[in-house]
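Build out the structure end to end from the sequences listed, making use of the hints.
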Amino acid sequence: MVFLASVLELYESLVAGKIGNTNLMKEDYDQLDPEEMELMDIRWCMASAVRRAQRFMEITGRKSIGEPSTKLGFDKSKVTCFKCKQKGHFKRECRNAYAADDSENPFNEDYYKKAIYHQNKSEPPRLKQPEEKSRALAVIYDDEGYDWSQVCPEKDVVGYAFVADADPDRWWKADYARWEIGKLNEPFKEAQRAKRWNDELECYMDPQGNPVADPSKVDFKAVTNLLPRQATFNTRRLSDKAYLPDLEKKIREVCEASLPKVVEMKKRKEEELKKMIEEVKAVAKTAAEEGQKAEE
Numbered sequence: 001m002v003f004l005a006s007v008l009e010l011y012e013s014l015v016a017g018k019i020g021n022t023n024l025m026k027e028d029y030d031q032l033d034p035e036e037m038e039l040m041d042i043r044w045c046m047a048s049a050v051r052r053a054q055r056f057m058e059i060t061g062r063k064s065i066g067e068p069s070t071k072l073g074f075d076k077s078k079v080t081c082f083k084c085k086q087k088g089h090f091k092r093e094c095r096n097a098y099a100a101d102d103s104e105n106p107f108n109e110d111y112y113k114k115a116i117y118h119q120n121k122s123e124p125p126r127l128k129q130p131e132e133k134s135r136a137l138a139v140i141y142d143d144e145g146y147d148w149s150q151v152c153p154e155k156d157v158v159g160y161a162f163v164a165d166a167d168p169d170r171w172w173k174a175d176y177a178r179w180e181i182g183k184l185n186e187p188f189k190e191a192q193r194a195k196r197w198n199d200e201l202e203c204y205m206d207p208q209g210n211p212v213a214d215p216s217k218v219d220f221k222a223v224t225n226l227l228p229r230q231a232t233f234n235t236r237r238l239s240d241k242a243y244l245p246d247l248e249k250k251i252r253e254v255c256e257a258s259l260p261k262v263v264e265m266k267k268r269k270e271e272e273l274k275k276m277i278e279e280v281k282a283v284a285k286t287a288a289e290e291g292q293k294a295e296e
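For what it's worth, the UniProt record's numbering labels the leading residue of the sequence shown as 1, then goes sequentially.
These are computed hints drawn from the structure, not numbers from a lab.
A couple of the hints might just be wrong.
[Unchecked claim] List of simulated lysine-lysine pairs, DSS-like, C-alpha gap at most 25 Å:
1. Lys-261 <-> Lys-183
2. Lys-217 <-> Lys-267
3. Lys-195 <-> Lys-173
4. Lys-274 <-> Lys-285
5. Lys-189 <-> Lys-249
6. Lys-250 <-> Lys-221
7. Lys-189 <-> Lys-241
8. Lys-266 <-> Lys-221
9. Lys-221 <-> Lys-267
10. Lys-221 <-> Lys-183
11. Lys-221 <-> Lys-189
12. Lys-63 <-> Lys-87
13. Lys-249 <-> Lys-269
14. Lys-281 <-> Lys-269
15. Lys-249 <-> Lys-274
16. Lys-217 <-> Lys-266
17. Lys-76 <-> Lys-91
18. Lys-266 <-> Lys-285
19. Lys-183 <-> Lys-91
20. Lys-217 <-> Lys-241
21. Lys-281 <-> Lys-266
22. Lys-241 <-> Lys-173
23. Lys-195 <-> Lys-266
And the structure:
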């Protein structure tokens with residue numbers, strides 16, 4: 001049961017994007033402990049095996065791929081003889097006197113053909129691509145295209161030019177933001193399982209009593225806007241020890257912005273603290289003035 005729980009946990013980690021790190025380079029992996037690298041490889045293999053089994057059952061319609069009594073190896077009843085085209089034996093074991101037509105395909109149910117044309121039920125249906133317009137011939141092949149017919153007129157006009165207005169580090173920012181938001185998955189699920197719901201703040205709480213944001217409700221664009229260019233990030237995190245903690249604090253504030261009651265509570269506490277400080281200053285000022293009068 002412990003092994004099964006480990007497999008399921010690793011599969012959930014794969015789906016949540018917790019296995020692997022796209023920010024690491026070859027020289028970073030060379031500095032890792034070989035035992036840790038082997039463990040990472042095992043986790044990948046186990047999670048991928050569960051994913052393959054799930055896809056196999058979805059394509060074939062099977063409810064399971066085996067039972068505790070299932071023996072390893074292939075089922076000979078599924079073997080098709082190349083001579084007589086009957087199942088249950090190999091060609092060298094065939095005792096039939098006749099030979100079937102070679103043009104006949106014994107494998108009518110081709111699994112790989114099904115796998116190629118198989119589409120996951122959770123995936124949206126593929127839409128038919130609209131016909132290209134006369135001025136819509138400039139396309140950016142980067143996951144999505146752009147219709148330049150809205151920018152360029154149908155007739156040639158002097159003064160128009162194609163300008164690239166793209167952030168070269170947008171993919172790095174997206175990966176880093178996704179990784180930071182992904183850190184909330186496990187605490188949020190744990191709080192849900194423990195049913196630590198706070199009615200006053202309208203959110204789940206961690207074991208220490210801190211609010212936990214729902215990763216699906218965090219403003220992804222706001223997190224990416226906090227991130228600088230990759231070169232700037234690498235330079236500052238190496239030269240300034242306080243840079244990463246400060247950046248993580250800002251990201252936490254963006255995540256907590258998805259909890260309106262928590263934001264309202266923090267503002268109220270800040271106002272109360274500010275008011276308390278002003279009262280202390282006023283009392284201290286009054287005491288100082290009374291002391292001066294007493295000395296006079």
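Hint by hint, here is what the structure shows:
no., hint, in the structure
1, Lys-261 <-> Lys-183, "holds (22 Å)"
2, Lys-217 <-> Lys-267, "holds (21 Å)"
3, Lys-195 <-> Lys-173, "violated (33 Å)"
4, Lys-274 <-> Lys-285, "holds (16 Å)"
5, Lys-189 <-> Lys-249, "holds (22 Å)"
6, Lys-250 <-> Lys-221, "holds (14 Å)"
7, Lys-189 <-> Lys-241, "violated (31 Å)"
8, Lys-266 <-> Lys-221, "holds (23 Å)"
9, Lys-221 <-> Lys-267, "holds (24 Å)"
10, Lys-221 <-> Lys-183, "holds (17 Å)"
11, Lys-221 <-> Lys-189, "holds (23 Å)"
12, Lys-63 <-> Lys-87, "holds (24 Å)"
13, Lys-249 <-> Lys-269, "holds (18 Å)"
14, Lys-281 <-> Lys-269, "holds (18 Å)"
15, Lys-249 <-> Lys-274, "holds (21 Å)"
16, Lys-217 <-> Lys-266, "holds (19 Å)"
17, Lys-76 <-> Lys-91, "holds (13 Å)"
18, Lys-266 <-> Lys-285, "violated (28 Å)"
19, Lys-183 <-> Lys-91, "violated (56 Å)"
20, Lys-217 <-> Lys-241, "violated (30 Å)"
21, Lys-281 <-> Lys-266, "holds (22 Å)"
22, Lys-241 <-> Lys-173, "holds (21 Å)"
23, Lys-195 <-> Lys-266, "holds (23 Å)"
Violated hints, listed in ascending order, are 3, 7, 18, 19 and 20; each of the other numbered hints is respected by the structure.
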